[in-house]
Amino acid sequence: MSTATSPGKGSTPPPPVKSRARAAATRLDLRHVSLIAVLAVLTLVGGITKPDEFLSTDNLQLILTQASVIGVVTVGVTFVIIGGGIDLSVGAIVALASVWATTVATQEYGITGVLFCSLLVGVGCGLVNGLLIAYGPMVPFIATLAMLASARGLAEQLSDGKTQVVTVDSVLDLGVPDSYVLGVPPLVMIFAAVSLIGWLVLNRTTFGRRTVAVGGNAEASRLAGIAVKRQRLLLYLLSGLCCGIAAFMLIVLTGSGQNTNGNLYELDAIAAAIIGGTLLSGGRGTITGSVLGVLVFTTITNLFALNNLQSDVQQIAKGAIIVAAVLVQKGRNST
Amino acid sequence: MRENSHTSPFASRRGLLFGSAAAGALLATGCTSNESNDDEDTGKQPANAADKPGKKVTIGFAGPQADHGWLNAINEQGKRRAKEYEDVTLVSTEGSNDTAQQIGQIETLINKKVDVLVILPADGKALTRVGLKAMRAGIPVVNLDRIFNSPQAYRCWIGGDNYGMGLNAGRYIGEQLKNKKNAKVVELAGLDNLELTGERTKGFDDALKNYPNIKKVARQAAEFTVESGQEKMSALLQAESSFDALWNHDDDQGVGADRAIKQAGRDEFLMVGGAGSKRVMDAIKADNSVIKATVLYPPTMAASAIDLARALGQGKGVSGLAELEIPASMTLYSAVVTKDNVDEYLPIGFN
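Going down the list, the protein sequences come from chains A and B.
For the first sequence, the UniProt record's numbering begins at 1 and goes up steadily by one.
For the second sequence, the UniProt record's numbering begins at 1 and goes up steadily by one.
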């Protein structure tokens, strides 16, 4: 397993497995601490500028709900990136799945039909990505770029450019306060469950260890007996599945399917994963970091909107905060 | 999390493509017809029944990529209208939001030597040169909605009134709230990097100046998508614990805004939409939600553009006007649709 750590990836030479894991845990904790610090600062700013609104239960529920959809996508993308790949097609898959699930007569079959179609389209697109990349001749960037274009095109064709309004009450009910259990919206529970399962899979299963190994050094993993191709296929399937779940959540959230759904999710998800400490070249990353990354982004958005900042100011400030967050991490890592 | 998308080329492209989704009524579009304007745009009746077939005209139509309700309706309206005329042949290019691609498509139409061109440019400024090229080649251009930079690039412009949309939305809200002290108004705008969004907001602000008791307390820009509408409206509802009126620039993003309002369980305000979708008109008619009105920006302008192109090709004027030629420009009226007149406008509501 020690062969899985490629030289030059970390600042330390590959130590034996156990202590390497411990070292990694310490390092990642520092990353998380810096993200939590950023969240704390944002909360402080929110508490000072909008004391009544920002820390209200309603607003915290809102922040978590808005984070949920992109959060689920980010969990899938984190796996793919740790495994040494990239998935640029997540936003388009979310769009296609949401349109498909709301158009193809599925609304007749109620919530089961909508959910089933969302998941089916997500997994189907993930399968195509995975086959092209793992068993075909394509690099992840190109294959998922092609999926990005064609899935969005298909979504546009299916929906005829129209917004598909959802009329299934059992779907819509999941998004209103009546459905909250102990104050937690169902979408947030789905996000929490996906994150928890993702964390367990990455840290407590062979599949997770193989993902890290394949992303760290594919050739060494192959020599160590890991079925690298199958592993890659499964990672894209996983990402597709997360997109399917996210599409269903988006249908609940917006009460509709639209081909513009999931716009730029790929960039948001990758950014959140990177800020959370996932290495873009693969082999390292955590689910906790990604979840924190998503929360930082969503909190920023919420904070700006509460303070009625216009979108141009929001963009500039957001860029600055991303840079600051990464710089803080770098600083902590080098000490 | 979506703000960063404003800077993306993808987002701005979408912005451009959907950029003109807004409203305006047909009152001004007498064009070649003196028939009832209501019937004219349902597409069910033959256009200009009184108008006898004339010289054969080939019209080139370069429309937008239909990835959104209003733009889709634009393409449908144009094509359906052309079919109604025996003497019109429509040659349409595949819709595109990409400036370079659309220039190529228009050049193809010029090379085919169509008699008249109808162009809804992905970007009016960027496509001005190709408009000039067509005019120099002797092909008159009917410029639809997004206006070219130079009057030399088109023979006739027809489009909606973004400033007027804001103005009429503001006036309607002003009249509803004029007797209320310290009334608060909230604005959910469209894509901020589009000029038209600025025009709509300016019209709205100008109208509100006539009502000193009303204050606009918050404004957030969404992206003309359901998802952004839901997100930005949720935040607005959090920021303002109570207000009296909301103007949402666009009915499509309004699907998301409605969801956010329902999710927050709020109903203390009245809402005015924009563009005139069928869904919103149905809601106005049902009168069981916060939505009480919408300001129009009808896609039927595409059908009128075909009428104008045909008249140009046949060298006619507009019936009902004394002029021998069709006018150089026509701005549609952004009528306010309320419960009182919704039946009149329902046939032109788009999906």
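Hint data in this document are derived by calculation from the structure and do not stem from the laboratory.
Just so you know, even glycine gets a beta-carbon here, dropped at the ideal spot from N, CA and C.
Treat the hints with caution; some may be incorrect.
Examples of chain A residues toward chain B, derived with CB under 8 angstroms [what the hints assert, rightly or not]: (1) T57; (2) N203; (3) A224; (4) G255; (5) S256.
Hint check results:
The interface hint given for T57 of chain A is broken, as the beta carbon of that residue sits about 11 angstroms from the closest beta carbon of chain B, more than 8 angstroms. Taking 8 angstroms as the C-beta contact cut-off toward chain B, the hint placing N203 of chain A at the interface is violated, the least distance being around 26 angstroms. The interface hint given for A224 of chain A is violated, since its Cβ lies 38 angstroms from the closest Cβ of chain B, which is over the 8 angstroms cut-off. Taking 8 angstroms as the C-beta cut-off, the interface hint given for G255 of chain A holds, the closest approach to chain B being about 4 angstroms.
Of the supplied interface hints, the one on S256 of chain A holds, with its beta-carbon coming within about 5 angstroms of a beta-carbon of chain B, less than 8 angstroms.
Of the numbered hints listed earlier, those contradicted by the structure are 1, 2 and 3.
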